[in-house]
Amino acid sequence: MKKIMEARKTGREGGIWGFLGKYLLIVFVIFLSVYPILWVFLSSFKKNPGGLSLPDEWILDGYITIFTKLDIQTYFLNSILITVISTAVSVLIVAMSAYISARIEFKLKGLITAMFAATLFIPSISISFPIYRLLGNLGLKDTRTGLIFIYSGLGIAVTFFIIRSYFLTIPREMEEAARMDGCGYASTFFRIIVPIAKPGLSTAAIMAFLNNWNEFYFASILLKSKEKMTIPALLGQFTTAYSKNLNGMFSAIIVAVVPTILVFCLLSETFVKSLTAGAVKG
Amino acid sequence: MKFRKVLSVTLAAAMTAALVLTGCGSKPAEETADNQASAGEDKRQNTDAEPADQSEQGDKNGGLPTVTFTHGYYHDESEWAAAGEMRKIYQEFADAHKDEFNFVIVADESGAEGIYNTALNDISAGEFYDIADFGGWDIVPVAANADMILDLKPYLDEDAAFKAGVGVCYDQNLTEDGKIYSVREQIEGVGFWYNQALFDKAGAVSPDQWQTWADFDAAVEKLTAAGITPFGLNAGWPTNILAAAYSQRDDACRTFYKSGRKVTSFDDPTFKETLSFIQTKALQKIDAANFGPGGDDDEQYRTDFFEGNTAMLFNGVWDAGGSVDCKAGAENIRPAVFPTNEAGKKASLLSGGTGFVVSSKLDEAQTQACIEFIKYMTSEEIANRIISAGIGMAPSTAVDYKTLADSVDTADAKLLVQACGLCQNADYQALGWGNTFGDAEGEIQAKYAGLKDGSKTVNDVVKELDQFLEAAE
Amino acid sequence: MKKRKWLTKRNGFICVFLLPGILLFIVIYAYPLVNIFFTSFCKWNYKNFISPEFLGFGQLFDNYIKLFTVDANFQRALVNTIKWVALTLVIQVPFTLLVALVLSKKPKGWKLTRNVFVIPNIISTAAIGLIFLNIYSPSRGIITELCNKIWPGSNISVLANEKFAFWGVTFSFILFGGSLCLLLLTQIFSIDPGIYEAARVDGASSVQIDLRITLPLLRPMIGTIAVMAANYGLLLYNEVALITGGGPDNATYSLSYYIYKTALGSTKLNFARGNTAGVIQFILGILMVGAINKLFRTNKAD
Chain A
0 MKKIMEARKT GREGGIWGFL GKYLLIVFVI FLSVYPILWV FLSSFKKNPG GLSLPDEWIL
60 DGYITIFTKL DIQTYFLNSI LITVISTAVS VLIVAMSAYI SARIEFKLKG LITAMFAATL
120 FIPSISISFP IYRLLGNLGL KDTRTGLIFI YSGLGIAVTF FIIRSYFLTI PREMEEAARM
180 DGCGYASTFF RIIVPIAKPG LSTAAIMAFL NNWNEFYFAS ILLKSKEKMT IPALLGQFTT
240 AYSKNLNGMF SAIIVAVVPT ILVFCLLSET FVKSLTAGAV KG
Chain B
0 MKFRKVLSVT LAAAMTAALV LTGCGSKPAE ETADNQASAG EDKRQNTDAE PADQSEQGDK
60 NGGLPTVTFT HGYYHDESEW AAAGEMRKIY QEFADAHKDE FNFVIVADES GAEGIYNTAL
120 NDISAGEFYD IADFGGWDIV PVAANADMIL DLKPYLDEDA AFKAGVGVCY DQNLTEDGKI
180 YSVREQIEGV GFWYNQALFD KAGAVSPDQW QTWADFDAAV EKLTAAGITP FGLNAGWPTN
240 ILAAAYSQRD DACRTFYKSG RKVTSFDDPT FKETLSFIQT KALQKIDAAN FGPGGDDDEQ
300 YRTDFFEGNT AMLFNGVWDA GGSVDCKAGA ENIRPAVFPT NEAGKKASLL SGGTGFVVSS
360 KLDEAQTQAC IEFIKYMTSE EIANRIISAG IGMAPSTAVD YKTLADSVDT ADAKLLVQAC
420 GLCQNADYQA LGWGNTFGDA EGEIQAKYAG LKDGSKTVND VVKELDQFLE AAE
Chain C
0 MKKRKWLTKR NGFICVFLLP GILLFIVIYA YPLVNIFFTS FCKWNYKNFI SPEFLGFGQL
60 FDNYIKLFTV DANFQRALVN TIKWVALTLV IQVPFTLLVA LVLSKKPKGW KLTRNVFVIP
120 NIISTAAIGL IFLNIYSPSR GIITELCNKI WPGSNISVLA NEKFAFWGVT FSFILFGGSL
180 CLLLLTQIFS IDPGIYEAAR VDGASSVQID LRITLPLLRP MIGTIAVMAA NYGLLLYNEV
240 ALITGGGPDN ATYSLSYYIY KTALGSTKLN FARGNTAGVI QFILGILMVG AINKLFRTNK
300 AD
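Residue numbers (numbering that gives the first Met the number 0), protein chains in the order written: chain A, 0 to 281; chain B, 0 to 472; chain C, 0 to 301.
Don't read these hints as lab results, they were simulated from the structure. Where a beta carbon is used, it is the ideal one built from N, C-alpha and C, also for glycine. Check before you lean on any hint, since a few could be wrong.
Below, simulated DSS-like cross-link-like pairs (lysine-lysine); rule was C-alpha separation at most 30 Å, straight line [as the list claims (entries may be wrong)]:
hint, chain 1, residue 1, chain 2, residue 2
1, C, Lys162, B, Lys178
2, B, Lys87, A, Lys68
3, B, Lys97, B, Lys401
4, C, Lys42, B, Lys360
5, C, Lys162, B, Lys280
6, B, Lys152, B, Lys261
7, A, Lys225, B, Lys97
DEER-style ranges, computed between Cβ atoms [as the list claims (entries may be wrong)]:
hint, chain 1, residue 1, chain 2, residue 2, range
8, A, Phe105, C, Ile64, 55 to 65 Å
9, B, Thr211, C, Leu263, 41 to 51 Å
10, B, Ser258, C, Gln58, 21 to 31 Å
11, C, Gln74, B, Gly177, 35 to 45 Å
12, A, Val257, B, Thr254, 51 to 61 Å
13, A, Leu265, B, Ala196, 54 to 64 Å
14, B, Gln466, C, Pro215, 47 to 57 Å
15, A, Val257, C, Val89, 29 to 39 Å
16, A, Gly181, C, Leu263, 49 to 59 Å
17, C, Phe56, B, Asp266, 28 to 38 Å
Start from the sequences, fold in the hints, and give me the full structure.
The following block contains the structure:
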């Protein structure tokens, strides 16, 4: 195993041009990705945002407002709670459906795939009214539970496709072996499939998490009280009827984004480990 | 195996948390006596779930009727001082009437736009706010057609002071079937700002001396000749202001402009003349760099003016605040209103738009409380306060701008008072471009770029606009 | 006897596992889905906001006819959206795939690159929109400056020009394939290293390995990311709303933006027309997914 990894690392690459091309691409990707956030970061300290130069004068007003005047901890707690729970619920539910769709042949299988695919193309404006009415009837308006419920359902199509295509790459023999050993369907799923599909599940979870973390439209419609607000609400704090405080807005973006980036980078270490551990033997 | 354990623990935690949250959601949160805001939210929640719950709620609060007022001034004071002042104004009303009714004040964290969106959702579910400030977002047509909102006209007609307090809102918000569903305590007062020093430098006649639009043209020529950019524009707001102002030049033009909301064709000689004025006398007079890209979001035209690079700024009275510590020199900045083609007569833009809207489903006592509140908000006292605190312009015709100018201390507050006075006393007061043309506003401003670079003629534009109107039918 | 019992157990399992997903679908999506189709044959605007009115069989397709005959904004939106979908398939998917293949060789800094590549997907599109607005701004941005260096005096204002603005919107999202790259990497690393070893023993070069082994094995996942990318192009909204507002002169309308503008963004609240466009968007989406699935045979495991 070790030998193979090394071979992969140093293996016969296509000479100097291949090497150069490879690093040019990497540099390009890094520049492409870092430029925007770096720009926001520098701008959050500037009176007049713009350019990539260092600020002439470091302005901390935006950050001071955010950390002293606004209820940032509450926003954070709410965001974490709502996003984490909805992500977990949605990944679990979708994983179960995706497993059936990927593995078991039955008459209405095509319908299930079509059902999830259909959710991709429904404009969110069209969902808005029915959802609002539904949560009103359930008494879940202006509650975190209501939002968790909705977030669990948003973006299920993407989650479904990711997880299903991962399941499809898992060799059937593994389950058949388990089934031979007397495992039921459910326990095959939880004991065999879920651990193997960890990388796929966590990738799907990351995607769902990112979407829900940044979602603002439903949050603004469904949550009205200040103590239930989520992080994206911060951005609006700096837009008044007559002007925009760009400095404050960029500070808010940094405050909202940096924790996610940190969490992602930290998680990605464990994530990588799970990747190598999850390598499927054919 | 381990992963499964982690997963099940996470899920268990998730379920528990969800349960706990449901509990929190349906149970009223800490209902302390002084925590009025959170009490209000609980109430809203309850009324949303069961509208019939209202009287019960009233009983709970000592038998007094309860009204919930929702507004969009949620900003922290350090971010927007006006928001803090507005909340104070609301709170004082609630305190003054706490023996008569419970006036619950709720700030919507997503602002006026959020209030509008929520209202649409509410209407689709057959509900409406008790009373809310829509801050310019026009909920009236849909809410009135759904028979959800109260006609304020009878109340305005029986009280002369109230009618004076709402000023232009009375006429502007009068619907075809003779109803007034909304009035506002603040209006968008728009004239323009100019830089006296730059006019002097160019030897141009300054706007306070102008008699007709010909003087405007002459001044623009002089400024350009002296190498001074006369004004900054973009594909939206400031250009719309100029177009709307130019549309007040004579009777025929004003008549077409007044019918803007119901316009079925833009093929009108006065409208074409306005467009050709915008094309040749405004857009083509300035450099491309000032003609920003991102629609009306680009603030460059303001920056240029306050840095002393342009001689005129087409923006509302509230930009008096922009003069503070600006490079152009606060002492050079003056407000003005637009000329017409009737020598010496002036025009300004005063747009009320949609402000306070009251539900038609309230009982007698609640309705009375709402009317009381709107009267308070449009009273002379509050109007003075709104102007002198630098929040904006009030519609009230009862304001005495001379006395008010003496009562304020700062230079920018004086400028604001002066600008409001000019707008209020102009001979013709018209609604803004957006309020006049509705959806067509966006279509019209989309054509400015083509007009500027000459890729579109006025006739092309009119044809395309008519096509839009036909499609929107 | 035994077989039958097994069968019911199997069916029971299918039901239990599908039920939560189906419930979620019914509660959140089923009604809107039916509603969109139904109201596209109705009159539904601010005048009858509470109760959409059926157009009657004589005028059944009125909304559709209006869209295709007189509504220039819709037609522009449709063309743009189809272009965007095609561009994601032609640019975003191959670019992301290339990055993923390069990173899968674990060159120095691959981890950093992989993590950093996801950052633009983490930042909310609201922020991305603002950033690009500034990058393209003639007075503050870098593009105009660059163009002036190459073609002195060109003074290009990306967003003010009808032809450039489309590309301005396109490049605000099309290269940001970080999370798609993550998906591909996950899949590449799950390929059995033994297969590579065998190929190496046979003397295959790394490009050959990529082409002959990795790509075929990645096929279902490439299909998935193609669906995701194309879907992003199909539903493109935030970038348009924040960067160009559909302009200049409505040249950058997307279908989603048209739907918003017609339904919610207008005082006329023409939901019937918006939903009609929604139906067309929906049909386009189904066709798109069908085509991609066919192309990549995502449904088959092999």
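Within 35 to 45 Å: is that where the Cβ-Cβ distance between glutamine 74 of chain C and glycine 177 of chain B falls?
holds (40 Å)
That 51 to 61 Å hint for valine 257 of chain A and threonine 254 of chain B (C-beta), does it hold up?
holds (58 Å)
Given the hint of 54 to 64 Å, check if leucine 265 of chain A and alanine 196 of chain B actually sit that far apart at their C-beta atoms.
holds (58 Å)
Would you mind confirming whether the straight-line C-alpha gap from lysine 87 of chain B to lysine 68 of chain A stays at or under 30 Å?
holds (17 Å)
Can you tell me whether the CB distance of phenylalanine 56 of chain C to aspartate 266 of chain B sits inside 28 to 38 Å?
Holds, at about 35 Å.
Does the hinted range 41 to 51 Å hold for threonine 211 of chain B and leucine 263 of chain C at CB?
Holds - the Cβ-Cβ distance for threonine 211 of chain B and leucine 263 of chain C, about 42 Å, lies within 41 to 51 Å.
For the pair supplied as a hint, lysine 97 of chain B and lysine 401 of chain B, is the alpha-carbon distance within the 30 Å limit?
Cα-Cα ~35 Å, so violated.
Glutamine 466 of chain B paired with proline 215 of chain C, Cβ distance criterion 47 to 57 Å:
Given range 47 to 57 Å: holds, Cβ gap about 51 Å.
Would you mind confirming whether the straight-line C-alpha gap from lysine 152 of chain B to lysine 261 of chain B stays at or under 30 Å?
holds (22 Å)
Next pair to validate is lysine 162 of chain C with lysine 178 of chain B; report whether the Cα-Cα distance is within 30 Å.
Violated, because 47 Å separates the two Cα atoms, which is more than 30 Å.
Does 21 to 31 Å hold as the CB distance between serine 258 of chain B and glutamine 58 of chain C, or does it fail?
holds (29 Å)
Hinted pair lysine 225 of chain A and lysine 97 of chain B, Cα distance within 30 Å
Distance ~24 Å between lysine 225 of chain A and lysine 97 of chain B Cα, so the pair holds.
In summary, the numbered hints that this structure violates are 1, 3, 8.
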